[in-house]
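Peer 1: Sequences are here, hints too, so could you generate the full structure?
Heads up, the sequence shown is in this note's numbering, so the first residue is 1 and it goes up one at a time.
Everything labelled a hint here was simulated from the structure, so no lab data went into it. Note that beta-carbon positions come from the ideal geometry of N, C-alpha and C, so glycine has one too. Where hints are given, some of them may not hold.
[As the list claims (entries may be wrong)] Capping the alpha-carbon separation at 25 Å, the derived lysine-lysine pairs in DSS-like fashion look like this:
hint, residue 1, residue 2
1, LYS135, LYS190
2, LYS617, LYS653
3, LYS632, LYS617
4, LYS151, LYS197
5, LYS682, LYS653
6, LYS676, LYS651
7, LYS202, LYS167
8, LYS190, LYS133
9, LYS135, LYS197
10, LYS75, LYS47
11, LYS135, LYS166
12, LYS201, LYS156
13, LYS613, LYS577
14, LYS151, LYS135
15, LYS180, LYS166
16, LYS425, LYS442
17, LYS25, LYS75
18, LYS196, LYS135
19, LYS12, LYS25
20, LYS587, LYS613
21, LYS202, LYS154
22, LYS557, LYS574
23, LYS197, LYS154
24, LYS707, LYS676
25, LYS25, LYS38
26, LYS277, LYS419
27, LYS156, LYS167
28, LYS75, LYS12
[What the hints assert, rightly or not] Now the in silico label distances, taken between C-beta atoms and shown as ranges:
hint, residue 1, residue 2, range
29, GLN24, GLY493, 34 to 42 Å
30, ASN189, CYS27, 50 to 58 Å
31, GLU435, GLU298, 42 to 50 Å
32, GLY280, GLY698, 50 to 58 Å
33, GLU298, LYS151, 28 to 36 Å
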Amino acid sequence: MASRIIVRNLPKDITKDKLVQHIQKNCPTTVVTDCNLKYTSDGVFRKFGFVGFDAPEQATLVQKKLNGTFIRTTKIQVEIAVEIGDKSIKSWSKYSQRQKSTPKSESAGKANEKGTGEVTEESTPAKPGFVIKMKGLSGFYTEKTVQEFFKPIKLKAIRIPRNAQKKPIGVAFVEFGSEKEQEQGMGRNKNFLNGKKIYLKKSTEEVAPEKKVIAPPPWELKAKESNLQEVETIADSGRLFVRNLWFGVTEQELEEVFGKFGPLAEVTLPVDPLTKKVKGFAHVVFVFPEHALKAFTELDYTSLHGRLMHILPGREVKEEDESNENSSYKKKKDKKQKSNSSSSHNWNTLFLGANAVADAMAKTYNTDKSNILDDDTKGSLGVRLALGETQIVAETRDFLISNGVALDSFSQAAGERSKTVILVKNLPSSVTVDELRDIFNKHGTVNRVVMPPSGITAIVEYLEPSEARQGFMKLNFSKFRSIPLYLEWAPMGIFIHPSSKRKPDETPVKENNAGDENEEEGKKEITGEAKQDEVNLIANGATSDAEPEEEATVFVKNLNFSTTDEQLLEHFQKIDKKIVSATVSKKKDPKKSGELLSMGYGFVQFIKKADAKEALKVLQNSALDGHNLELKISNRTVNQVKGRKKQDETKQKSTKILVRNIPFEAKKREIEELFKVFGELKFVRLPKKLGGTGPHRGFAFVDFVTKQDAQRAFNALCHSTHLYGRRLVLEWAEVEESLEDLRRKTAQHFSDDGPRKKVSKMSLMNELDS
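Peer 2: Here is the structure:
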């Protein structure tokens, strides 16, 4: 439905403001997004105008309520406006341009469809020649495109029909010089053009009748040339510049509108830094240029929130080339790191640089940094920094939890990332909240800053996504006190309780930090809010302290590969039962690093077994995204359903810990030195390669005397402890784990968590059911 109206028979002295006031006085619930009165080129008011609204329902309401009413003594006519190019539009005003010609010339005089801009008249109809009709053409195509398809066959004439908007409609007529050439052309039937299959059929329609050429006006030639240039630019870049947008539009709405035509690489909606309102234009970048062309063809001059979008080719900002040959390698490396920084698989979220760790340790123990980094001091320097990092990470985790940060959100590595919240890492130890806020405020209004006592990592939240994106691009890898900043987009749902957004002119609320007088009160307030949110979640059935019963999990087959976890959960919530989790099983995408692909099945876990059986009765063969679901009861547990396990949630099996990813330069005594801080050790075993010579194999077994000491070490070191730059990965070892078991686990670890052997579909389903 259209969200624009046309108002006719307006008074001569009407203005935009008066017309909007008249509408809002009679329909106060409506939101006017556009008002456009029409004038001739000489400035004469044509007594009509267009008004746009936020939603089509508002336009319908105004049309019904105001049509036939009076503005002072003038009776106005209000109708729903149709889209530009609609064939139902007819000239009604005395100012409209009409073609002054005889009925014969009106039917014969048409624009030449060859794209040359010539206007032609038919003199005498020509007999149909050897013509082929092409079907299945898509996107923008020209005569040259058709010629390339039939090359090297010579073509006599080409006609490309177009709609009222002068855009191709997907067919073309081609005339050949002889029947033999026509048969050769038919041999191209079902060949592909631009990735689409083309269908050919002999036709009796006329293609090239005898013509008398009439020179078109210069403005028409210029317009056609400009349009062709725009199309070529979009076909090369895949970038669109969209203007005349309503000031209340959001990036999410633009993603929905343009995302229908293909995957989007970027949508940017600039915001005014003072008013925090949308500037009225946007930049849209498609992954594939052909999708951008299709969006340009379909959406140009269509209405969104009552305003006609005008789409132009977008321009790519080119970076300056580095001319210094001596630093070219370093510049290229920094550029590559910066381009990959928006990925959700860069580095560990709680990663701390060795330099920042040394600064924080020196500050904590009131000593010089040189003493911390002195290699002649007793003990290993690598172990010393690893233990310092472990202590800082523990303090950071406690502070973030107390300030309403959901650390569980960091466990979903491939999850959706926020557009306004940025993780800032590798900060100097002495940085303050105000100093950090000033840096990020240069690129937009910062809503809040959360920084732990160590001061070497922080969370920054912007008010607007466009400003957050600009701040990220400008500050990532930039030097701050001679140290590069490491930025990463935070995961969605990082804050348990969303912060109330303040206005740009309000005084910023000072966040809690070590040394603030109101630290304890702030912690209590935020923790109280977090607890209330947790209660609300439990009340809504999203979580529960009760353990799920056995056979309370439903195995769901025949899922659409585009179905998400949220859609699966929403589908099963129809039976109004408490659901623990709803997960679509995924695997790694071999073509795109870090991306996950749906495997076509999933699991839904209920609290009670009876609820799972009820779901089988009600939702068996129900439709979800066009697929009829097949449901079975599964014996999988909640940990198995959730997929990737967290290290701190694995159950302790013994006093023995398996430590992976140990750097090859590390020695056995250093592993002992690192772990003995947490309790008395039985032994440390660092297996070497076959023959017992050469370096170790990159993993070790650490066995404690008591389970309590082992648990303490595991909890402290599993989050983010680096030894010589490599993050240690901890697992609970089996009680009696043989070398063969270890080899099998290691093989599975390096083969995407599973053996690379072929299994039948039936055996896989049976294994999943069991």
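Peer 1: Need the status of pair LYS25, LYS38: alpha-carbon distance at most 25 Å?
Peer 2: holds (23 Å)
Peer 1: Holds or violated: LYS135 with LYS166, Cα cutoff 25 Å?
Peer 2: holds (18 Å)
Peer 1: Between the alpha carbons of LYS277 and LYS419, is the straight-line distance 25 Å or under?
Peer 2: Holds, at about 17 Å.
Peer 1: Mind checking the alpha carbons of LYS151 and LYS135 for me, to see if they're no more than 25 Å apart?
Peer 2: With a Cα-Cα distance of about 18 Å, the restraint between LYS151 and LYS135 holds, given a limit of 25 Å.
Peer 1: Next pair to validate is LYS587 with LYS613; report whether the Cα-Cα distance is within 25 Å.
Peer 2: violated (28 Å)
Peer 1: May I ask you to test the hint 28 to 36 Å on the CB atoms belonging to GLU298 and LYS151?
Peer 2: holds (30 Å)
Peer 1: Within 25 Å, alpha carbon to alpha carbon, are LYS25 and LYS75?
Peer 2: holds (17 Å)
Peer 1: For a C-alpha distance cap of 25 Å, please report whether LYS617 and LYS653 respect it.
Peer 2: violated (39 Å)
Peer 1: Against the 25 Å threshold, does the CA-CA distance of LYS12 and LYS25 hold or violate the hint?
Peer 2: holds (20 Å)
Peer 1: Does LYS202 pair with LYS154 here, judged by a C-alpha cut-off of 25 Å?
Peer 2: At roughly 17 Å apart (the allowed maximum being 25 Å), LYS154 and LYS202 satisfy the hint.
Peer 1: Within 25 Å, alpha carbon to alpha carbon, are LYS682 and LYS653?
Peer 2: Within the cut-off at roughly 16 Å; holds.
Peer 1: When you check the alpha-carbon spacing of LYS135 and LYS197, does it fall within 25 Å?
Peer 2: holds (9 Å)
Checked against the numbered hints given earlier, the structure breaks hints 2, 15 and 20 and satisfies all the rest.
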